[in-house]
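One line per chain: the protein sequences are A and S, in this order. Under the numbering used here, the residues of the first sequence are numbered 145 to 482, in order. Under the numbering used here, the residues of the second sequence are numbered 55 to 184, in order.
In case anyone wonders, no lab produced these hints; they're calculated from the structure. Don't be surprised by glycine CBs; every beta carbon is placed ideally from N, CA and C. Be aware that a few hints might be false.
Computed beta-carbon distance windows for the label pairs [what the hints assert, rightly or not]:
no., chain 1, residue 1, chain 2, residue 2, range
1, S, Asp123, A, Leu351, 43 to 49 Å
2, S, Glu173, A, Asp207, 55 to 61 Å
3, S, Pro93, A, Ala170, 52 to 58 Å
4, A, Arg204, S, Asp123, 40 to 46 Å
5, S, Arg88, A, Cys374, 35 to 41 Å
Each computed SDA-like pair below joins lysine to any residue, with the alpha-carbon atoms no more than 20 Å apart [what the hints assert, rightly or not]:
no., chain 1, residue 1, chain 2, residue 2
6, S, Lys105, A, Arg373
7, S, Lys105, A, Thr181
8, S, Lys105, A, Ala402
9, S, Lys105, A, Pro435
Over the 10 Å line for every Cβ pair with chain S, so calculated as not near, a few chain A residues [claimed, not checked]:
no., residue
10, Ser150
11, Leu156
12, Pro203
13, Thr209
14, Gly258
15, Asp264
16, Gly274
17, Leu351
18, Cys374
19, Ala380
20, Leu414
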Amino acid sequence: MSDIVSIIQRVLGDVDLVLGWTATGAGGVAAPARFQTAAEAERAVFNATCVHNLAVHLPRLKDQTVGIVAKGCDSRSVAQLIQEREIDRDRVKVIGVRGLGGSIDVRKIWRFHGYGVPVDARTDSLFIDGKEVDRQEFLRQKCLGCRDMDPVIYDELFEASGSSITGIADAATVETALSETGLGTSLTAAEAMSAAGEDESRPLGELFAKMNSAERRLFWREQYSRCIRCYACREACPMCFCRDVCIMQTTDPHWTGAGVDAGEAEMMQLIRVNHLAGRCTGCGECERACPVGIPLMLLMNKQNQVIEELFGYRAGTDLEARPPLLTFDIKGDSRSEK
Amino acid sequence: MAELKLIGFLCNWCSYAGADMAGMARMKQPGELRIIRLPCTGRVNPLLILKAFQQGADGVLVSGCHPGDCHYNEGNYYARRRLELLSRMLPAFGIEPERFHFTWVSASEGARWADVVTEFTGKIEAMGKA
Numbered sequence: 145m146s147d148i149v150s151i152i153q154r155v156l157g158d159v160d161l162v163l164g165w166t167a168t169g170a171g172g173v174a175a176p177a178r179f180q181t182a183a184e185a186e187r188a189v190f191n192a193t194c195v196h197n198l199a200v201h202l203p204r205l206k207d208q209t210v211g212i213v214a215k216g217c218d219s220r221s222v223a224q225l226i227q228e229r230e231i232d233r234d235r236v237k238v239i240g241v242r243g244l245g246g247s248i249d250v251r252k253i254w255r256f257h258g259y260g261v262p263v264d265a266r267t268d269s270l271f272i273d274g275k276e277v278d279r280q281e282f283l284r285q286k287c288l289g290c291r292d293m294d295p296v297i298y299d300e301l302f303e304a305s306g307s308s309i310t311g312i313a314d315a316a317t318v319e320t321a322l323s324e325t326g327l328g329t330s331l332t333a334a335e336a337m338s339a340a341g342e343d344e345s346r347p348l349g350e351l352f353a354k355m356n357s358a359e360r361r362l363f364w365r366e367q368y369s370r371c372i373r374c375y376a377c378r379e380a381c382p383m384c385f386c387r388d389v390c391i392m393q394t395t396d397p398h399w400t401g402a403g404v405d406a407g408e409a410e411m412m413q414l415i416r417v418n419h420l421a422g423r424c425t426g427c428g429e430c431e432r433a434c435p436v437g438i439p440l441m442l443l444m445n446k447q448n449q450v451i452e453e454l455f456g457y458r459a460g461t462d463l464e465a466r467p468p469l470l471t472f473d474i475k476g477d478s479r480s481e482k
Numbered sequence: 055m056a057e058l059k060l061i062g063f064l065c066n067w068c069s070y071a072g073a074d075m076a077g078m079a080r081m082k083q084p085g086e087l088r089i090i091r092l093p094c095t096g097r098v099n100p101l102l103i104l105k106a107f108q109q110g111a112d113g114v115l116v117s118g119c120h121p122g123d124c125h126y127n128e129g130n131y132y133a134r135r136r137l138e139l140l141s142r143m144l145p146a147f148g149i150e151p152e153r154f155h156f157t158w159v160s161a162s163e164g165a166r167w168a169d170v171v172t173e174f175t176g177k178i179e180a181m182g183k184a
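Using the sequences plus the hints, can you model the full thing?
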């Protein structure tokens, strides 16, 4: 079995640079890095704090050949970018990661153990400040019930797992883990509101599911009132690659004004949801990047779910597939119109 | 009660002509709907509908050629997918899905157009302002 350093060094023989991680974040957690030489690659690591979706950098590196370390979920973004012909399959080498067993929510560690506490996050165990803790308790919400454990595409395969991989084998295990850790019940309303809502099984998602339209309107108004128009959601999104011509910042057509208020922020997110229809792979980077904790994935996950129901389509799982809104089915399309 | 704001996005070739026919035949229909003429329902960016709601519309109606009759052959097929997705997403945005309606009215269906408008306006009137 190869370690990540030697795989990256090998791939560097074919490409200009490799996107990966070094352990240079606070407390030794992973921070994204790019490696151009074998010597630089000596510092590469892979562990369960490698949460970032590095595919976001690929459209900006189109003129180079790039290697990328990609978890199962990240590989869907790479696949979707190839599907949209935004990047060229021949110019990207994917180092797919298998057997990670879910990644760790570092912010949760910081919240309970202090910022910068030493973290050692492996595929089957988690040590905080040298002491072993229950890994399940600190898994990212989006990793619970993961459907993308194996990379969709890869040129090299990196087996992350050591001997045993804990948890997230099936939905039942997730349920048990959730109830054991009390994650499903112990959050206060304020925590639930500030915590990101990545899917409907979460406390916030449950809350949201029970609301009626008027309550949801109020809910979003309240959420969007915190928006500071930093565009972090857009910058962190691998599928938001229009950059210079983003309609959220144009005055012609004038979809959103420049004001920082809930109404403008709402329009901004409606644009994002709409533009990511059939393209969003649900990686959750927009929500993770949001500095004011707006639960953006409530909308994205809902839309992905509807698209799967209507069109049987999941973005970035099939290089040959045609995105559902770029095609139609004369007889098969469901119709609620009359 | 303040007057309702209803927006209608109509395709030029079928529904707009159908509405025209209803008018010329002096069919009785409510007047709250403000009609915006578009070349095709395929031109209906779902954001137009969301923006209308955001700016205070109480109801939005989209109408075009019947499937198979599109002047551009396939515009309404694309629209059908987009609008179906939109109507299922409206509850998540906090907009009552009943406030949005999409339908097909051909150029010869003046009477049907009058029915569509009457029914839609009545429904929104019953719901009240958004």
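Here's how the hints hold up against the structure:
{"no.": "1", "hint": "S/Asp123 to A/Leu351: 43 to 49 Å", "in the structure": "45 Å, holds"}
{"no.": "2", "hint": "S/Glu173 to A/Asp207: 55 to 61 Å", "in the structure": "57 Å, holds"}
{"no.": "3", "hint": "S/Pro93 to A/Ala170: 52 to 58 Å", "in the structure": "55 Å, holds"}
{"no.": "4", "hint": "A/Arg204 to S/Asp123: 40 to 46 Å", "in the structure": "45 Å, holds"}
{"no.": "5", "hint": "S/Arg88 to A/Cys374: 35 to 41 Å", "in the structure": "36 Å, holds"}
{"no.": "6", "hint": "S/Lys105 to A/Arg373", "in the structure": "18 Å, holds"}
{"no.": "7", "hint": "S/Lys105 to A/Thr181", "in the structure": "50 Å, violated"}
{"no.": "8", "hint": "S/Lys105 to A/Ala402", "in the structure": "16 Å, holds"}
{"no.": "9", "hint": "S/Lys105 to A/Pro435", "in the structure": "26 Å, violated"}
{"no.": "10", "hint": "Ser150", "in the structure": "46 Å, holds"}
{"no.": "11", "hint": "Leu156", "in the structure": "43 Å, holds"}
{"no.": "12", "hint": "Pro203", "in the structure": "23 Å, holds"}
{"no.": "13", "hint": "Thr209", "in the structure": "36 Å, holds"}
{"no.": "14", "hint": "Gly258", "in the structure": "36 Å, holds"}
{"no.": "15", "hint": "Asp264", "in the structure": "39 Å, holds"}
{"no.": "16", "hint": "Gly274", "in the structure": "44 Å, holds"}
{"no.": "17", "hint": "Leu351", "in the structure": "13 Å, holds"}
{"no.": "18", "hint": "Cys374", "in the structure": "21 Å, holds"}
{"no.": "19", "hint": "Ala380", "in the structure": "21 Å, holds"}
{"no.": "20", "hint": "Leu414", "in the structure": "5 Å, violated"}
The earlier numbered hints that this structure contradicts are 7, 9, 20.
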